[in-house]
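Peer 1: One letter stands for each residue in the lines below.
There are 2 protein chains.
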Amino acid sequence: MAEKTIRFGILGCAEIARKVSRAIKLSPNSTLYAIGSRSVEKASRFASANGFPPSTKIYGSYEAVLDDPDVDAVYVPLPTSLHVRWVVLAAEKKKHVLLEKPVALNVGDLDLMLEACDSNGVQFMDGTMWMHHPRTAKMREFLSDTQRFGHLKSIHSIFAFRANPDFLKNSIRVKPDLDALGALGDVGWYCVRAILWATDYQLPKTVIASHGPIYNEAGVILSCGSSLYWEDGKVATFHCSFLVNTTMDITAVGTNGALHIHDFVIPFQENEASFSAAAESGFTELVTGWEPMPSEHIIVTDLPQEALMVEEFSSLVGSVKGNGSKPEKKWATLSRKTQLVLDAVKASIDRGFEAVEVVG
Amino acid sequence: MAEKTIRFGILGCAEIARKVSRAIKLSPNSTLYAIGSRSVEKASRFASANGFPPSTKIYGSYEAVLDDPDVDAVYVPLPTSLHVRWVVLAAEKKKHVLLEKPVALNVGDLDLMLEACDSNGVQFMDGTMWMHHPRTAKMREFLSDTQRFGHLKSIHSIFAFRANPDFLKNSIRVKPDLDALGALGDVGWYCVRAILWATDYQLPKTVIASHGPIYNEAGVILSCGSSLYWEDGKVATFHCSFLVNTTMDITAVGTNGALHIHDFVIPFQENEASFSAAAESGFTELVTGWEPMPSEHIIVTDLPQEALMVEEFSSLVGSVKGNGSKPEKKWATLSRKTQLVLDAVKASIDRGFEAVEVVG
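Protein chains in written order, with my numbering: chain W, 1 to 360; chain P, 1001 to 1360.
Be a bit skeptical, because a hint or two may be false.
Some residues of chain W that are not near chain P, with every Cβ distance over 12 Å (derived) [what the hints assert, rightly or not]:
#1 39
#2 40
#3 48
#4 63
#5 68
#6 140
#7 216
Covered stretches of chain W, going by a simulated chain P footprint (3 or more residues, C-beta under 8 Å) [what the hints assert, rightly or not]:
#8 18-32
#9 217-230
#10 246-259
#11 263-269
Just so you know, the hints here were simulated from the structure itself, not pulled from any lab data. Everything numeric in this text was worked out from a predicted model, so none of it was measured. Glycine included, every Cβ here is placed at the ideal spot set by N, Cα and C.
Next comes chain W alone, as it looks inside the complex (with noise of 0.2 Å):
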């Protein structure tokens, strides 16, 4: 059967808006069908400015958008503060929710989210871009090969960007009314799903948060780590910043091999995407050296990841309306997992730094 072509609607005029709607534009089987902002004109110069078709319905409102019959799919870039109420109105209204990170403020919001989407029959995803990128599936490949890889026993991560006074001023992810999890939740979120993408989604059982998060005046995190210890000896560790230079690190090393990306998050280019991989290596005693070394691989990529984040998720919803197919949960399962391990490490900076069990 022929995919269908999913008609986005668009919730918002957010700066990550930009970026997705191009994706929505280059995924084959999406198209930009409404946008909704407060303001009619707002929406209007965003469509305009971002080369939306000149079809596409502008609303002056994001309940608007729900209520158009021939939008199936919402992208919700709104202030995480916000994510309960407009996803499950969108929910209720029957429409496929793709949801920016981070997805809630706690994971009893996200259950809010996540109820209303099962019970309305549609589908949910985060928009982690980098977990739709072919290297990730090749890096997978990598840490499940028990020969090469082995068993996994420590995962380090990092992303950190370097806010201009602007950002650090007025972002949303620094105001406690909007994204009050702050660094945590923008740019950690992006690590803790890292270190459960290595893990292959193993909760952690316990969480201990590093000790001196930096906070601005209304009392956000402006940068963060923790330590992540798992039953069966595995340990992690995550550094997470506004302050920082970029970096976008995963470390990954288990008992035969080891994992190195340093731009896990936002490829280098768009067009090709590497990754790092040590198996059995050995130093020579004698003389300096390595053997074997690492290897490079490099992946090819026709679609930038964002698009091809695009394209699962309309595929999915594709299949919920053409099909009757039931929404894939693995999507929403590995957003709650995050978000469980976002909140434990919350509650570990909040109670001093003490161990905070992770439960599923």
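Chain W is already provided as a structure; the job is to place chain P on it using the hints.
Peer 2: Only chain P this time, still in chain W's reference frame:
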């Protein structure tokens, strides 16, 4: 004044002594002069297997090496528990000391050695080879560049290798009576030194060991990690292990830049080495990509890092011998700071992962 050729005596036939003997041969101001082992036969076999000059003095005890008036300096690759005895005796015999790491079981023991070296006017240096690679100086320049790198905020280091069953059963490095610090002293030493190096040797205020160190049956650490915290908000983490694939990372993140290296202890190749420097990195908003990209810096060397270490040590010894200079205290200071942090990490592990103050 022409540099003197420093005549080395080697105490013992440890595996690492093969590499350092080659380094002494390669170093232009150093010569292999004597070797002592607990048996003449063993010393003789080692000398011929490793291409010592035919004139090398072969001794059946360590004392005999120290009693040879023509030995200028000794290289001490003995098990850590023997360091105090032999380093103090060597210093009393006016021999300069190149000491394999970990230098001591604790800073109290190290101080006995450093005091002996000081009061006898002999040079002390530990055998941390990578400190002497010209790449290390180039990386230091980058970290000190307040424009390109900015101010250091976080550091992560790993040193691990997968020990084979024979090592795990028989190596001195897993024996409580010989190298009681296990992986912390052996591979953790490098991580702690790397972190201190990155901070320009500022001692952390506090360390908190990671949960879940792995021990052998005798209670010696095979794998562990720690977080380190500085007064000014810098944070570091490290992970060291005998149980996973060879991994040698330093990741240093500053306000304006980031440094990555994956072969800091032993470069991938003997004749050249590289590091990655990111400065003022940004990612493009609409199209996937970074601008600017990190840059790769390649440093070519004539001599391997271990020969450069020997050359530097012999040069200092030559100054003491030839010019009556005072021994250079820098190297003792770096050893002592590294040991202080190791001791604090060990104390944190022993106290159930409590925060432990590092008192210089």
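Peer 1: Are the hints correct? Go through all of them and say.
Peer 2: Hints, verified against the model:
With a least CB separation of 23 Å from chain P, residue 39(W) remains clear of the 12 Å interface cut-off, as annotated. Distance check for residue 40(W) against chain P: the nearest CB is about 24 Å away, which clears 12 Å, and the non-interface claim stands. No Cβ of chain P comes within 12 Å of the Cβ of residue 48(W); the nearest lies about 15 Å off, and the non-interface call holds. With a closest Cβ-Cβ approach of about 28 Å to chain P, residue 63(W) is found to remain outside the 12 Å limit, as its non-interface label requires.
Against chain P, the non-interface label of residue 68(W) holds: every CB pair exceeds 12 Å, the least being about 26 Å. Non-interface call for residue 140(W) relative to chain P: holds, since the shortest CB-CB distance, roughly 18 Å, exceeds 12 Å. Consistency note on residue 216(W): stated as away from chain P, and its beta-carbon is indeed over 12 Å from all of that chain's, at 14 Å minimum. Counting residues of the stretch 18-32 of chain W whose CB lies closer than 8 Å to any CB of chain P gives 3, so the stated coverage by that chain holds, three being the minimum.
With a threshold of 8 Å between beta carbons, the proposed coverage of the stretch 217-230 of chain W by chain P holds, since 4 of its residues qualify and at least three are required. With 10 residues bearing a CB less than 8 Å from a CB of chain P, the stretch 246-259 of chain W meets the requirement of three and the coverage assertion stands. Coverage of the stretch 263-269 of chain W by chain P holds [criterion: at least 3 residues with CB-CB distance below 8 Å; count 5].
Of the numbered hints given earlier, the model fails none.
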